[in-house]
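Put together the whole structure using the sequences plus the hints.
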Amino acid sequence: MVVWKKGQALLLLWSVCSPVCAGRIVYDIIEIPKGKVTAVLRSCMDRRDAWVLILDRIGYREAFELQKRLVVARSRNKINDTLILLQHHPVFTANRESTFQHILAPADVLAREGIEVCKTDRGGDVTYHGPGQITGYLIIDLKQYGKDLHAYIRNVEQLLIDALAEFGIKCGRDKQHPGVWVGHEKIAAIGIAVKSGWITMHGFALNVNPNMDHYKMIIACGIFDKGVTSMERQLQRTVALEEVYPKLIAQYEKIFKVTTHPITLEDLQWL
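Going by this note's numbering, the letters in the sequence shown line up with residues 1 to 271, in that order.
Hint data in this document are derived by calculation from the structure and do not stem from the laboratory.
There could be a bad hint or two in this list.
[As the list claims (entries may be wrong)] What follows is a set of in silico ranges between Cβ atoms, one per label pair, in the way DEER data are often shown: (1) 184 / 77: 41 to 47 Å; (2) 259 / 72: 42 to 48 Å; (3) 257 / 78: 17 to 23 Å; (4) 245 / 89: 18 to 24 Å; (5) 114 / 266: 26 to 32 Å; (6) 121 / 101: 15 to 21 Å.
Cβ atoms here follow ideal geometry from the backbone N, Cα and C, with glycine treated the same way.
Spelled out as structure tokens, the structure:
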């Protein structure tokens, strides 16, 4: 719907949201120059709607169960692609017995440090999650992106590389190991799974200001000859997670060509 007013157009864009919005129709009003209507319409039609859910610190198992419910809902086209950003309580996760052997600390030390150990179904080796680290879970229908798993992983890496560049952190890829690296130190780990219907789950773990001593208790990602780092170490200053969330969301929108809308857990109670 286009409304002309004093040489400009007020472009009323609408999209019907899925059950999370209880059938409401969401409107966005954009004021644009009169001659640009066609270009703006085309640009809007090229982008998909997606959701962003930012949570407080929660347990790994709780987040795992939430992801599984979202994957089912996405496979049935009941929800949009969703990016979840959160912090976990301290936990080591791995996907099989051989990778659990890369946890070096004995059980009594883990208990004293309050570190849980959980089995997961993502790819990769043992990984640490904890306060000060942003874990990003992406529930995405890869059919929209050509069912190309390798391109998807590269896109997630690029999202992180570009977000970190906005803080002046120069990082890149390692040809042998997924993730994002500053020299020989990993600043963000990536581990994903793809479920039936080409729906992704799991995602990335970006070290902002976590307890780096916890990494001494594992062979992180099963890589013996490389280290780990954080945004705080690279910038030599305290970095608040609230500084980082908007950068990640903006790059998610750019890389995956989506327009994001914030949601809450209450919006997902129907799942």
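Hints and how they fare:
| no. | hint | result |
| --- | --- | --- |
| 1 | 184 / 77: 41 to 47 Å | 43 Å, holds |
| 2 | 259 / 72: 42 to 48 Å | 24 Å, violated |
| 3 | 257 / 78: 17 to 23 Å | 22 Å, holds |
| 4 | 245 / 89: 18 to 24 Å | 19 Å, holds |
| 5 | 114 / 266: 26 to 32 Å | 29 Å, holds |
| 6 | 121 / 101: 15 to 21 Å | 18 Å, holds |
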